[in-house]
Every structure is written in structure tokens, then in C-alpha cells.
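Model the full assembly from the supplied sequences, consistent with the hints where possible.
As a plain string of letters, each chain reads:
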Amino acid sequence: MTKGIQEASLAIAAAVKLCRVQVCPMYPITPSTHIPEQISEYVANGELDATMIDVESEHSAASAWVGAVAAGSRCFTATSSQGLALMYEILPIISGMRLPGVMAVANRALSAPINIWNDHSDAVSARDQGWIQLWVESSQEALDTVIQGYKVSEAHLVMMPLMLCFDGFTLSHVFEPVDVPEQKKVDAFLPKFRPLFTLDQKKPVTMGPIGFPDSFMRFKEQQQQAMLNSIEAIKKANADFKKAFGRSYGSGLLDLYRMEDADYAVVGMGTMCGTARVAIDRLRGQGKKVGLVRIRSLRPFPEQELQQAMKNLAGAAVIDRHISLGQEGPLFTDVRSAIYCNDIAINGYIAGLGGRDITLKHFEMVFSDLEKGKQKGEWLF
Amino acid sequence: MQVKGKSKEQRLEPGAVITRPGSSSSYHTGGWRTFRPVVDQGKCIKCHQCWQYCPDSAIRVEEKTGKVFIDYAYCKGCLICVKQCPVKAISSEVEKK
Chain W
1 MTKGIQEASL AIAAAVKLCR VQVCPMYPIT PSTHIPEQIS EYVANGELDA
51 TMIDVESEHS AASAWVGAVA AGSRCFTATS SQGLALMYEI LPIISGMRLP
101 GVMAVANRAL SAPINIWNDH SDAVSARDQG WIQLWVESSQ EALDTVIQGY
151 KVSEAHLVMM PLMLCFDGFT LSHVFEPVDV PEQKKVDAFL PKFRPLFTLD
201 QKKPVTMGPI GFPDSFMRFK EQQQQAMLNS IEAIKKANAD FKKAFGRSYG
251 SGLLDLYRME DADYAVVGMG TMCGTARVAI DRLRGQGKKV GLVRIRSLRP
301 FPEQELQQAM KNLAGAAVID RHISLGQEGP LFTDVRSAIY CNDIAINGYI
351 AGLGGRDITL KHFEMVFSDL EKGKQKGEWL F
Chain V
1001 MQVKGKSKEQ RLEPGAVITR PGSSSSYHTG GWRTFRPVVD QGKCIKCHQC
1051 WQYCPDSAIR VEEKTGKVFI DYAYCKGCLI CVKQCPVKAI SSEVEKK
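Quick mapping for you: the protein sequence lines, in order, are chains W and V.
So the first sequence is residues 1 to 381, counted in my numbering.
So the second sequence is residues 1001 to 1097, counted in my numbering.
Be a bit skeptical, because a hint or two may be false.
[Claimed, not checked] As a list, the in silico EDC-like pairs of lysine to aspartate or glutamate whose alpha-carbon atoms are at most 20 Å apart: (1) Lys203/W / Glu1013/V; (2) Lys220/W / Glu1013/V; (3) Lys288/W / Glu371/W; (4) Lys202/W / Glu1013/V.
Rather than coming from a laboratory, the hints here were simulated on the basis of the structure.
Below, the structure is given as C-alpha cells:
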């Protein structure tokens, strides 16, 4: 194990190397650019035996993924914002053809106005495309989640692609201490990719055929079952990772902080949760029973576990870093729907769009709203 | 998982992978037909233009005699053969289901 100071982008690249990824079709876009830069350096130096494909667009990066994984390779790519939007056409093809792998998304606001800073609008708005989405809070978790991610995604009962979502700039460009595990240990944890089918002249198959109305819905049903199977796979990968490397992230699906006796909780994703932890410690110092529910897995959505975690609360506030325009924060919609039968007050807030900071003050305000019984969400500026 | 396909029971592999090569021939597209082309062997001059133009390769030529036959399992009834035949040896009639 090497302890070092790394930004999440470099930590992710280090994990890609440790996972012995074979094909990396990549197109750089801020703030995920450091990942392809670092990986191309690994490949050029002979440290990683992989094919780096300098594609002409993100649409091509995703398309090359289809070919590479269909041929039986372990594949990785990274993108952000409009890059993910340009991949959109291929996202459901990758998941529909059941071609697993990990894509890192350095979360960044979607234009317009053009904005390179962090919010969750890119990945959250792609949540229905059959990709497992794990949202991380630290550079260490980003590195560890790449390794866990391949294990989950390539499990034969799952075989669905996985999106590793990490906050642009707040993680992608911020240096913090990271433990890089030994290659031997990663090899023991993560076996070689064993595809169900590959393109092989000796054993010909057809991939990507038409699905007529009599079968199409059956394939969607299979994908839904695979996503539900991934709930156990995520929990198991997280638990096994703890045994092998000594680190884990909550249950794998949810990460709870000071929730044992909490009356009120905030629910969020990504780096805002680090700020929330500090705010909660301060409020706890004032005798207030408050806690945090960090959603690590947005898809599959851990509905039952969430009901359990929130069952003793008097109230909760969901903070979305994205808005489904014309409705509300999508995380708020999901959480409220999951805890519909828990009789508690729940407020939804929109915050941190386009790189706007979410500060301690915001969390104090949100908890004070809950205490006062205020039943209205709003925009946190 | 098994589901009733167009022609027979098919296994639905994850990701819709088809493991039997050439399986598309078991899908009989002749069921789409509204008009049925019919060859009058007496008028046919065996020029085989219908065979050349058929977009579905649904016209068979008997090797020994050069006679043409329409393979109704795949003929979708586009009637391009009727249009192309220089001696009007192919006529069309409404398909009776």
C-alpha cells in the first residue's frame, strides 16, 4: 500500500491501472481531463498494458466501449457534463446489450449558460438509462469504488455498466491523502473479466439484433432484475472490500452518519455530505439530535434500506444538486416516494447548482426549518 | 427464460444475444403480405428479371428448368416483380388470410 496525496482524478486513474483495464476509449472534457491524461501516461510508459483509443467525440468513446466489451475486454472511460450528454444515445445501448464496465463522471453542470463547475445535473438526468450509479464523497472512495465497481458490474447476475459519479473540481482537482492498494491484493479481489458472450469467429453469435414487440419488454424485465440483483452485489463488494482492504462505505448503498438516535436528518449525495458531517457535529455539540443519510447508490435506489434508516425520524430534508425543471429535485422525488409510508415531515431543497458552494450555514438553516416545522422546500442561495 | 417467438420457442439470452447463427431465416416475413404475386408459367420467358429485382430474395429459380417460383414464406408482397416482368407473366391478387 502506498500512501500519497492525490486528487480524485489521479486516484481513479491509479485504480484503472490496478484493475488491469484493457481498453480506454477516451475524449477529454473539463473537469475529467486529468483521468485520460494520466492513463495515457501509464500506457505510454508501459505501466498499463491497455489500448488507449483517442476517439473524436464522447459519442465515439461510448460506441468504442460497445465494440471493446463485446470482444471481451475490460473497458473504462471518463467524461463530464456535455460529454455525457453526447454519449446519451449509446448509454441505453451499452446497458441493453449488457456490456459491463466502469465510467467515471466528474459531475459538472449542463449548459446553458456554459458552466464548468460542479452540480449533479449531468449524471442524475441520465439515471434511467440502465447504469448503476455510485456517488462518492472522497478521493479514497473514488479509487475504491472503481475496484468495487468492476466487481459489481461484471457479476454474472448483474452484467450492467456502472457510472462512478464524483464531484467535479471539489474532488476531481482537490488533493487529499489516498491509500493506493497493492496490485497483488487487487488481483486477488478482482478476478479477470469473464463475459457471458463474446464476438468469436469460432463460436459465432449475433449481438444487438432487433427486439420485436413480443420480446422487447422481456429484455427490459431482465435488465430490471439485473439492477435489483446489483443491490446485493453492491453490498457484498463493499463488505468484501472491507475484509480485503480495511475500508468500506456504509452498507454500500447508504452511508449513515450519527443516525442512531437522530430526530432530523439531511439526505444528499457527493461532497456536500462532508460539509454536512461538520454541521451535524456542531449541532450535536448544541444537543441537537441530527444526522446524515448519504445516498451512495442512486441506481439501484435502496428503497427498503432507506425506509429502515429513516423510520425513527421526525423530519428530513433532501438536498438536490440538480432540478428536474417543472417538477423538483429528482432525489427528493425518489426519497419521498420511498418513505411514503413513514409518517414524517420531508422538505426538498435545491442547492449548489453550477458550482455554487453549499456551506455549513445552509445545513444549519435546513435543520432549523425542520425544527420549526416549516414544511416548504426552497432554493438555497 | 423462454418466450413464444414469431416462429418457435426462443431462449432470451441477456442483452438479446443470438447464439444460433442464421436464425433470421426462421422468421417468416411472408406474414406481412397484403398482395400475393402469382406466376403464369405459360407466359414466363425465364428472363429472371423478377429474381434479380426481388429485394427479399424470395424468388427461387429451378436449376434444371429455369422456372421461377415465389417463396411465400418470405415474399412480403411488394410486387416489384409484377412491375418488372417484361411480359406481364406475374399478376397480383389480394392475400386471403
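Here's how the hints hold up against the structure:
1. In summary, the hint linking Lys203/W to Glu1013/V is supported, as the alpha carbons are separated by about 15 Å, within the 20 Å threshold.
2. With a C-alpha separation of about 12 Å, the suggested pairing of Lys220/W with Glu1013/V holds against the 20 Å cut-off.
3. Between Lys288/W and Glu371/W the CA atoms are separated by roughly 10 Å; this keeps the pair inside 20 Å, and the hint holds.
4. Between the alpha carbons of Lys202/W and Glu1013/V the distance comes to roughly 19 Å, so the proposed pair stays at or under 20 Å and holds.
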